[in-house]
Amino acid sequence: MSDDAAAIVARDLSAGYGARPVWSQATLSIPKGSFTAILGPNGSGKSTLVRLILGLLPPTKGFVEVLGEPPRRGNPRIGYVPQGSHFDPELSMRGRDFVGLGVDGHRWGVRVTGRANAAAAVDTSIASVGAREYADRQLGRLSGGEQQRLLLAQALVGGPSMLLLDEPLSHLDVRNQQAIVQLIGDVARARGLTVLLIAHDVNPLLPHIDHVLYIAHGRLEMGRPAEIITSESLSRIYSSPVEVLRDSRGRVFVVGLEEEVSHPHE
Amino acid sequence: MGDLFHYDFMVHAFEAGTVIAIVAGAIGYFVVLRGSAFAAHALSHIGFAGATGAVVLSLNPIIGLLAFTLGAGVAIGALGNRLRSRDVTIGIVLAWTLGLGVLFISLYRGYATQAYALLFGEILGISSTDVIVTLVAGVITLVAVVVIYRPLLFSSVDEDLAAARGVPVTALSVAFMAILAVAVTEAVQVVGVLLIFALIVTPAAIAVRFTSRPALAIATGIVLALAFTWLGLAIAFYSPHPVSFFITTLAFATYVAVRIAEPLRARMTRTALSASA
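Residue numbers (my numbering), protein chains in the order written: chain B, 1 to 266; chain D, 1 to 277.
To be clear, the hints were calculated from the coordinates, so they are not data collected in a lab.
Where hints are given, some of them may not hold.
Derived, one-sided and incomplete: chain D residues facing chain B with beta-carbon distance under 10 Å [said to hold, decoys possible]: (1) P151; (2) S155; (3) A163; (4) S212; (5) A217; (6) F237.
Glycine is no exception: its CB is placed at the ideal position from the N, C-alpha and C atoms.
Please put together the full structure from these sequences, using the hints given.
Written as structure tokens, this is what we have:
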């Protein structure tokens with residue numbers, strides 16, 4: 001695969017904080033327009049990868065390019081939804097104002113020129129995630145799913161080439177998870193966006209993703225879901241016996257992982 | 001009504017009070033949005049030690065006040081918005097500086113009125129020079145707020161997101177606390193160290209219950225702060241009681257009225273809905 005077709009290219013890439021390595025020697029290429037789920041246990045370095053892509057953390061070693069250039073902070077071509085984004089109930093701001101921050105919230109001063117353009121972009125983005133009905137209500141008072149849609153609208157409003165979504169599903173019930181993933185998949189397909197989505201449960205993602213990227217034990221491993229989510233490869237990635245079961249509806253259950261994750265000291 | 005502006009001290013009080021109310025109302029929205037109400041309160045108390053220290057050294061108390069609020073503001077800003085233990089740290093420093101203030105008062109024997117003015121405000125003692133100084137400081141604070149308005153709003157709502165978009169969140173946090181320190185120093189003249197909440201936090205806290213549009217909330221906060229200050233001054237002029245009492249009471253009463261009215265309004269809406277259904 002040539003680098004032109006890749007949204008993210010990494011060769012022998014290592015990341016860490018100071019002397020503490022988080023993961024190392026990652027070599028991968030994420031094609032443009034693809035949907036990748038990033039999975040792995042807590043603390044394995046999923047958010048470290050996100051920080052690296054956003055240019056908030058320099059790699060300790062190796063080569064990385066994001067959309068054809070070295071990662072840089074404030075890259076407008078990346079639409080981002082941070083981890084744990086849900087708003088204080090008292091937060092006094094409308095969804096519309098929040099999405100507007102995605103347009104020019106990083107600029108100094110107050111919005112003087114381009115008010116009409118900004119308002120139009122905000123309106124379009126809100127409509128594209130189906131959030132028109134509640135965009136004028138107080139952000140903190142909206143449901144988790146509604147907030148997540150507005151976070152997505154904020155990420156989309158600048159017309160990015162890539163969406164970087166750090167656990168957008170973690171505070172949602174199953175129905176909302178499916179609805180949000182469907183929405184992300186639809187929008188990404190329509191606009192040709194590359195999507196990187198961190199999740200804990202791969203099931204709601206399975207109908208939409210092209211790749212899974214597993215981060216565990218200081219290693220990154222990427223492949224098609226069918227290749228990676230098998231007993232053999234997950235056992236290898238986690239270096240412990242893991243079994244992948246499938247039910248009649250195609251949902252996968254990873255057995256043996258929960259114990260390892262929840263009892264890391266035993 | 002003519003008597004009200006007959007005296008220079010009342011004119012000065014209205015002039016300085018107006019400037020300070022505008023600054024306090026504007027900055028209050030961000031204080032509420034960032035959850036920095038306690039930091040704002042603490043800044044004024046920490047400033048008290050600086051002011052009393054300046055008095056001991058025969059300096060203008062405002063200089064000591066500004067030095068301590070600025071120093072504390074920058075330090076609190078550098079702690080960041082996310083630190084969970086921030087309020088505890090601030091409280092510990094606050095208690096110590098109040099202790100210092102007590103020491104300084106005891107060192108400066110015999111002049112308790114100075115300390116009293118710092119604690120409870122002395123707006124009727126403002127000179128024409130004070131008015132000019134207040135105006136200059138007020139304009140500087142407002143310009144600073146306008147300059148950092150959008151990134152400050154952004155980082156107040158979601159610091160991670162703002163940082164990813166290239167907003168210098170820590171620098172902004174420090175800048176905001178420095179601006180707040182100047183605003184607090186100004187507002188101390190009107191309501192004093194102990195009552196600062198009434199001018200900086202209460203108007204904004206009321207405003208955000210009426211609107212969730214940032215610009216409108218700021219405007220509402222300013223209008224409320226102005227109303228409390230003007231009305232407080234006017235009532236105090238015709239009464240023997242202190243201005244600070246009227247300003248804080250107006251602010252408190254309005255807040256209580258709004259909080260009581262809210263569930264009532266919600267219930268009425270519900271009843272209306274169920275009646276029409």
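Evaluated hints:
no.	hint	verdict
1	P151	holds (6 Å)
2	S155	holds (9 Å)
3	A163	holds (7 Å)
4	S212	holds (4 Å)
5	A217	holds (6 Å)
6	F237	violated (35 Å)
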